Amino acid sequence: MTPHLSLTFHLHPHLFIPPSTHHQKCKTQNKLITTTMPPKLYLLLTALLLHTAAALRLPEFNEAPAFRNGNECNDTVIHIAMTLDATYLRGSIAGVFSIIQHSTCPENTVFHFLTTHRLSTALRRTITATFPYLTFHLHHFHTHLVKNKISTSIRRALDQPLNYARIYLADLLPDVVHRVIYLDSDVIVVDDVVKLWEIELNSHVLGAPEYCLANFTTYFTRNFWNNPEFSGVFTHGHGYSHGRGNPNNPEVSRVFTHGHGRENPNNPELGFSGRGRGKPCYFNTGVMVIDMVKWRALGITRRLEGWMGVQKRYRIYELGSLPPFLLVFAGDVEAVEHRWNQHGLGGDNVKGLCRDLHPGEVSLLHWSGKGKPWLRLDSKRACPLDGLWAPYDLLKHGSSISAGVFEGR
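The sequence shown finishes on residue 409 if you use UniProt numbering, and the numbering steps up by one all the way, no holes.
Bear in mind the hints are in silico, worked out from the structure with no lab data behind them.
It is possible that some hints are incorrect.
To be verified - Below, in silico cross-link-like pairs of lysine-lysine (DSSO-like), each with a Cα-Cα straight-line distance of 30 Å or less:
#1 K149 x K396
#2 K351 x K312
#3 K149 x K380
Unchecked claim - Derived DEER-like restraints, expressed as beta-carbon distance ranges:
#4 N74 x A297: 23 to 29 Å
#5 D356 x D393: 18 to 24 Å
#6 D192 x V350: 50 to 56 Å
#7 K312 x G70: 48 to 54 Å
#8 Y211 x S379: 28 to 34 Å
Since this is a predicted model, take the numbers as computed values, not measurements.
We treat Cβ as the ideally placed atom computed from N, Cα and C, and that holds for glycine.
I would like the entire structure built from these sequences, with the hints used as guidance.
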């Protein structure tokens, strides 16, 4: 008969209680779990948990220099939101460093980091140690909000719950934040961010660089384009962000009113104005200037969630959190200069091949796509433009997370 050992361990992988030879009851209040298992299985589990604990150890970064306001600075506060997790921490640190380094008034910038509870304490410690003078807040994103709403996409990284946190900005940020710049964790800003902050949104909820030469049809499946009840959101000329697309659309109406019980496309309280939207153009959601007052008033979060519900039933797109934004906003976006999102530097979503800069001036570099500059630099397979990211890398030499287990989003 194979001998068994009794294993008791905390739910935290770095805290272990040695195995005993007798069986103990489960202590749920102290979050202890006791079980009986063969020695080989116990050793395998122990090794796995130790490996997991090591993999989640955050890297160390050099302390950034202190940047102070110039004499001409006023009291204008710039709010910037970014996600923060272990996988993209190195990119986020570089992005923050680039922003404050190129700001005339760096002390006027407030960062809002969207993160999960799991590593919030360690992440706060890392940000504080790296940027002792930075004004920032951590906002906890509860991943259960989207876990049942996410559909698999063409790349696993696009399916991570934190990738959808931008949908919930209005719920995560305090009401006193009336405007915010949302930035992905793989960007470098090489201009004064106040120029982006001060753009006029006019009547729009959202501002971003638009790319109207991109083939817009590729962002949605045949299920979408072959169903006039869905594609009509663009072809019927109604501003979806100010209502519900085509107000007479029975399919969309049924999904939203019966599938979710939240919104009626004919509800005047939703602010449907009948204003036609312009040509729907692709825009990248990694750089957005958002009017949070209008966002909240129009219930944008619920509308984005609604399209995620449609996706779960009908599979109308393949690209993670981007298509819902296109469905709600495309054709109703305040166009921002292309210089503020030189995107695609991470290559495509499959191979992540090297890319060149788009023509024109550059204020922000964005490594969207599969290839991330820190991974390519570490693997000695850097693309030429990755050298533009390297000066903002504050990682301490020899301190890194195992790069092989992470894939860029």
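Can you tell me whether the CB distance of N74 to A297 sits inside 23 to 29 Å?
At roughly 28 Å between Cβ atoms, A297 and N74 fall inside 23 to 29 Å, so the hint holds.
Tell me if the beta carbons of D356 and D393 are separated by a distance inside 18 to 24 Å.
Taking Cβ atoms as reference, D356 and D393 lie about 22 Å apart, which means the hint holds.
Would you mind confirming whether the straight-line C-alpha gap from K351 to K312 stays at or under 30 Å?
Holds, because 27 Å separates the two Cα atoms, which is no more than 30 Å.
Measuring from beta carbon to beta carbon, are Y211 and S379 in 28 to 34 Å?
holds, 30 Å
Determine whether the Cβ-Cβ distance between D192 and V350 falls within the hinted range of 50 to 56 Å.
Cβ of D192 to Cβ of V350: about 36 Å, so the range 50 to 56 Å is violated.
Is 48 to 54 Å right for how far apart the beta carbons of K312 and G70 are?
holds, 50 Å
Can the restraint linking K149 and K380 be considered satisfied, given a maximum Cα separation of 30 Å?
Roughly 38 Å separates the two Cα atoms, so the pair is violated.
Is K149 within 30 Å of K396, Cα to Cα?
violated, 38 Å
Checked against the numbered hints above, the structure breaks hints 1, 3, 6 and satisfies the rest.
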